[in-house]
Amino acid sequence: MISENKLSPNYRSIALLFIGSLIGISSLFLVPNKLLGYDQGAVAQINNAVIRKDEYERAIALFRGDKRGPITDADLNLVLEKLIKEELLVQAALRSDSPRKDLKIRQRVLQTLLTSIQTRSAAEISDPSQSAGEDLKFYLNQLRDNADIQRLKKAPGNILVSSEID
Amino acid sequence: MCHLLRLSISILLVSSSIFLSVDSIAHNRSQSHSNWIISDHSIEAIFTAKSLEVTRLQTGINQSLDIIFADHLEKTVSIKNDGQACALRNNVLSIPAKQGYMQAKLIFDCSLKTESPLINITSFFDFASSHVHYAHVITDSLQSQQYLFTEVQTQHQVAHDNKKSGSILSGINQYIYIGIDHIIGGADHIVFLLALLLLVRRFKDLIWLITGFTVGHSITLAITTIGWVIPDLHIVEATIGFSIALVAVDNIAALTGYHRHLALFSIIGLLAMAATNIILGLGFSSLSMLGLVTLTVAYLLMRSDNEAGIGVRPVMAIGFGLVHGFGFASALTEIGIPTDLLWASLLGFNIGIELGQLLIISGLWLIILGFKRTKYVSHSRLVIDITSASLCGLGLYWFVGRSYGII
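Protein sequence lines correspond, in order, to chains A and B.
Residue numbers for the first sequence follow our numbering, beginning at 194 and rising by one.
Residue numbers for the second sequence follow our numbering, beginning at 778 and rising by one.
Take the hints with a grain of salt, since some may be wrong.
[Said to hold, decoys possible] Straight-line alpha carbon distances no greater than 30 Å define the calculated DSS-like cross-link-like pairs of lysine-lysine that follow: (1) K852/B x K275/A; (2) K246/A x K981/B; (3) K827/B x K882/B; (4) K875/B x K278/A; (5) K852/B x K278/A; (6) K330/A x K981/B; (7) K852/B x K246/A; (8) K882/B x K852/B; (9) K827/B x K330/A.
These aren't lab readings, by the way, just hints derived from the structure by calculation.
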């Protein structure tokens, strides 16, 4: 009887520890999904990416422009499905590293990005003395600051070009 | 009946402590920072905030985050010089930032030949009252200054006097506040200190524990800030959660003497998690999980050996301190450190961390001492049980949640 009384606090400690651990882990299921908690404006999540409400509404607006008559629920589903398929394809392309490896895609990405920066700069800079090129330079400097660039093996000056070999 | 009532109260306390903790995710606190360059005729600022932070500003309007961020800054950042507001040149320009962050550039036209500008920042305070903004200001004489903006301190007069602004002492002072603010706002560090303190009986043991933890975190804080190592923040934060759970389990093991049993249960749990990681391709790598299993076995079994167990806690505090130091460093590097004030800022930040730590420990120690003098002292075992169980649950919540990116 005495030994039982001595043991009981130990069992209580262990029981509480297990209850605490269980509640701690099960609380994770009560945390709102990232989709809801992090991004209130999301309408779908495809792997780690979300389709945002504004993106969805933009696609619906485009669809509305092409369609005669009111938009039905089936149309809304169709638009969302199209965005999901598009996202799946983009993810597949990124997984295969096409934007880096495929020269055509690489050129297209580069051109689109440059045009987007220049267009945005032109729209936002009212002072004609400021050029969009300055913002591109700034953009590149920012990218450079956040990148880990290591020049390996040979510095450009040491690489022989064809005329030097001849 | 009495036991049942106690157990029910205990469960209630454990549950409520965990539910309350859901929002107090350390390191995911609301903060942003800016870099300012002040010259004679203009003031340029680059604001950085986490994208997650900017989602607070969303009102459901069809706008992208960069536009919302730029609009918000335009309304909440202003500069006055000699009582006159400086005009914002053009619109706020969104600029590229690293993944998960947003950046915007503001340029103000100000003639500052004699006066010192007054910077006013109220960004995010309406949406998160605990938001903290760090501003790093460089004047035309290339002197660095740091300013901390909070809901109650939304204005700072930039020191234009080179002697005053450029002193190393001034740099240290500024970072001391940042260090104190970081540890007091970091729930996981406080929880870890509480877990460590629960079983401390003598003041001497307390000193050894604090010294061990301080030595550990000072080492990693320094080497990470200098740039010698670049830790994976997700692993660090998850491991901080694990350290809390392990110390809490150790507290219960020390009270019950069931070190081996608890080590066995912990290993089963960790192995189950490792198997999940392998199957789903998520979370810690197998090697990291093996490391945690080894640590758990070594720590709990060593603690079961009475002779070795006595001295192991301060040594383990060094190890845990190393992990927490990476967490402290992430806060410092996120804010950005001026190269000319690297050592001063590192020293100031570390002093701030120590002061904040001492403040927390003194408070906790006084509470523990006060409790020991009350008539409830006979229930101290129950209090340690409940607190350790709560801390273990909280530690596991952070460990598992951060490992899988759930929180």
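Tell me, in ascending order, the numbers of any earlier hints that this structure violates.
-> 1, 2, 5, 6
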